[in-house]
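With chain A held as given, fit chains B and C onto it using these hints.
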Amino acid sequence: MRINVGPQHPSTHGVLRLVVDLDGEQIVSLKPQVGYLHSGFEKTMENRTYQQGVTYSNRMDYLHGFAHDLAYMLAVEKLMDARVPVRAQRIRVILTELNRIASHLVFFGTTMLDMGALTPYFYCMREREGLMDIFELTSGVRMNYGSFRVGGLYRDVPEQFEPMVRTWLEAFPKHMDEYFNLFMGNSIVLARTQGVGVVTREMAIDHALTGPSARASGLALDFRKAAPYSGYEDYVFDVPTHEDGDIYARILVRYEEMIESCRIVSQALDMLEPGPFRDPDRRISLPPRWELEESMEAVIFHFKLVTEGFHPPRGEVYVPTESARGELGYYLISDGGSMPYRVKVRAPSLANLQSLEPSSIGGLFADMVINIASFDPVLGDVDK
Amino acid sequence: MTHHEPNGATRARVLESLTELGGVVSEFKDMISVTLSKSKVIEGLKVCRAEGLEMLTDVMGIDYLTYPGHRGKRFAVVYNVHDVHGGNRLFIRVELDDGEKVPTATGVWRGADFLERETFDMLGIEFDGHPNLRKILTPEDLDGHPHRKDFPLGETPTLFNDGRFIDPAAFRSGLRGDDPGLTDWKGGARDGVTSTQGELPGEGGTQG
Amino acid sequence: MSMSLRDLFEKDVQELEAEGILFTSLEKLVAWGRSHSLWPATFGLACCAIEMMASTNPRNDLARLGSEVFRASPRQADVLIVAGRLSKKMAPVMRRVYEQMPDPKWVISMGACASSGGMFNNYAIVQNVDSVTPVDIYVPGCPPRPEALIYAVEQLQKKVRGETFDERGEKLPVVEGWKR
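Protein sequences, first through last, are from chains A, B and C. Take the first sequence: its letters are residues 1 to 384, numbered as in this note's numbering. Take the second sequence: its letters are residues 1001 to 1208, numbered as in this note's numbering. Take the third sequence: its letters are residues 2001 to 2180, numbered as in this note's numbering.
Incorrect hints may have been included.
[Stated by the list, open to error] Every beta carbon over 10 Å from chain C, so not counted as near; a handful from chain B, in silico:
| # | residue |
| --- | --- |
| 1 | Ala1012 |
| 2 | Arg1013 |
| 3 | Leu1021 |
| 4 | Lys1038 |
| 5 | Gly1087 |
[Said to hold, decoys possible] Computed beta-carbon distance windows for the label pairs:
| # | chain 1 | residue 1 | chain 2 | residue 2 | range |
| --- | --- | --- | --- | --- | --- |
| 6 | C | Ser2073 | B | Leu1182 | 56 to 62 Å |
| 7 | A | Glu291 | B | Phe1165 | 34 to 40 Å |
| 8 | A | Glu291 | B | Ser1173 | 21 to 27 Å |
| 9 | B | Lys1046 | A | Ser29 | 24 to 30 Å |
| 10 | B | Lys1046 | C | Asn2128 | 47 to 53 Å |
| 11 | A | Ile188 | C | Lys2011 | 45 to 51 Å |
| 12 | C | Lys2011 | B | Phe1171 | 54 to 60 Å |
| 13 | B | His1070 | C | Asn2128 | 36 to 42 Å |
| 14 | A | Leu364 | B | Lys1046 | 35 to 41 Å |
If you are wondering where the hints come from, they were derived from the structure by calculation, not from laboratory data. The structure presented is a predicted model; accordingly, all values stated were derived computationally and were not measured. Positions of the beta carbon are idealized from the N, C-alpha and C atoms, including for glycine.
For reference, chain A alone in the conformation it holds in the complex:
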């Protein structure tokens, strides 16, 4: 029997359409049909300057927007040879890791929702509100931030930033402990998730699976350790890995990653020193407003940057980073103009979706629902 789990469905985590062939309750084949959120990001970004591109990047994976912003900024900075000051790097890491926690909280809440438990969802959304307040303090918006600039940040963080983050960090691990014991110790959850939707290590390598789902299958790959960027080599943190590859392992890996992210954030806060928040090179960064009253060159740089944007040299660049979903990288090709010639986003969710079919075949239809949730696809990332 062929069933269409349509694009509008409460549990497909966005507009994912699945065409499932069933034999009774068992799944014979499963074909994901994507593209219902295709927005032409890459072609649109090819018609905007490099700095304007940051308004687009975080709307792809809207749950971990800072990861896309960071990956895009790192690629542009590599192309321009911009030097990011240490303070800006640390603040970027803090914001990205807090956003990773927020993304995993949505994952936790919606996966439990798919299993029928309504309460964890509200607990997780309440925790997220504290994080949104921190993001609103630094970027001005709760979601879809545009606060990264080439060479650093658009402004320095206000003084309430550090006490706010520390207060949140003190409260969070205790809450998460309580929720985790409450929900993951539940025998129904254990019965539904252990041994279900298994992805072996060979399957993960063959199907281009990266991120927490791959680490749950024994593939210990994390680009924060393998190719450290933005100062990650200064922090001490573990990368949780499990061998089972089932849904329970995928949930467990993300839970442990949240704890590790808290560690990174507190270390980065301890190491935060006063300093510039942006590359002072005027060819890349806008001069501060007071300088426009004093220096003619500053006015010229300001004019060129605002009307045209900076021109990177011809060439191509790719910087791999680790988002909450897997390997994320922006492949930029510059033709010497102020708009990129080609932007290709290596978005993790599209490649991760390929593991959905092999891990669901032979299983039950009800298990497929939580299986989708456990791979944590974000359809903006899939469809770009």
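Structure of chains B and C alone, referenced to chain A:
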């Protein structure tokens, strides 16, 4: 998990095997690309997988139609492979003309499935032997391949109540590579940085 | 047109209204009940969907306005909150979901992308959801804050209760406010 240094021995071995297949190695800002011919590319990918670069993370297509100063074929397909520790990364390129097909990599990695379909959908590059080569992201009734440079962006002009309209293409602030702009001065990148693709005639005036 | 007493009991309130029979107090009661129990259909597409989810969390509680549950099935929903960018591939699906909703139904277009295409002025995104379904309330923002969505729901409640005005500032009767 400790920080893995890119393994020099693996990289040297892979590059040697690929050069034997006729690959041309180029490097830009520590990104290593190997250009292979269409007939050798699958063999090259198998060599990569056998020698330790076991993961294919991306297949992307590039349309060089409006790239200023480009003299080669119109399209390029780039395979992004790396090892399971993430340290060694290689980009395998194939250059194609419009209408040329390239053999599929799904025999080497099953994960090339959606990635090649995306390249086909966006650029029209066909992969021989792909089990299910059809559109993946664009709607069924969209003819053409959006990421080609001759496919328009499809912008709707903004219409005001009194009849004026703004054409977004005329309001674009950025410049293309061959567009001199108001002053023909490009500002330039940091000192000492040059591009590997050579300078366009007249570009020597950058501040460097 | 002849109407018997029996019609008064058998026909639907809206049919009678269309034939010119108005029941002022009953109409107001029905409108009051409808406005305070608007159940949205889940149509979260992109980033705005996350803010729609955030408007149901304990801090900004949408349920206190009557939207107690987000019904998955459009057949049981009153409002379609289009949250996110509507791509051209998704547009026929949205039309079908809208047609499956029983009357009376309303549409809130949440966010800049649903209202006007937003920052995506390209081949892939529908530039105004109005071309697919009629829209009652537009909510600007990218994404609109949960408070903005709650304000939009409150405005829709006013519209349902008949506190609507036309372009000249004159009050519209209740049924006019509903009509397409």
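Each hint, compared with the structure:
1. Ala1012: Given that every Cβ of chain C is farther than 10 Å from that of B/Ala1012, nearest at about 44 Å, it holds.
2. Arg1013: 44 Å, holds
3. Leu1021: Non-interface label on B/Leu1021 holds, nearest chain C Cβ at 39 Å vs cutoff 10 Å.
4. Lys1038: 30 Å, holds
5. Gly1087: Nearest chain C Cβ is 34 Å from B/Gly1087, so the label holds.
6. C/Ser2073 with B/Leu1182: 56 to 62 Å: 58 Å Cβ-Cβ, so the 56 to 62 Å window holds.
7. A/Glu291 with B/Phe1165: 34 to 40 Å: 39 Å, holds
8. A/Glu291 with B/Ser1173: 21 to 27 Å: Holds: the Cβ-Cβ distance is about 22 Å, inside 21 to 27 Å.
9. B/Lys1046 with A/Ser29: 24 to 30 Å: Since the Cβ atoms of B/Lys1046 and A/Ser29 sit about 28 Å apart, the hinted range of 24 to 30 Å holds.
10. B/Lys1046 with C/Asn2128: 47 to 53 Å: 50 Å, holds
11. A/Ile188 with C/Lys2011: 45 to 51 Å: Holds: the Cβ-Cβ distance is about 49 Å, inside 45 to 51 Å.
12. C/Lys2011 with B/Phe1171: 54 to 60 Å: 56 Å, holds
13. B/His1070 with C/Asn2128: 36 to 42 Å: Holds - the Cβ-Cβ distance for B/His1070 and C/Asn2128, about 39 Å, lies within 36 to 42 Å.
14. A/Leu364 with B/Lys1046: 35 to 41 Å: 37 Å, holds
When held up to the earlier numbered hints, the structure conflicts with none and fits them all.
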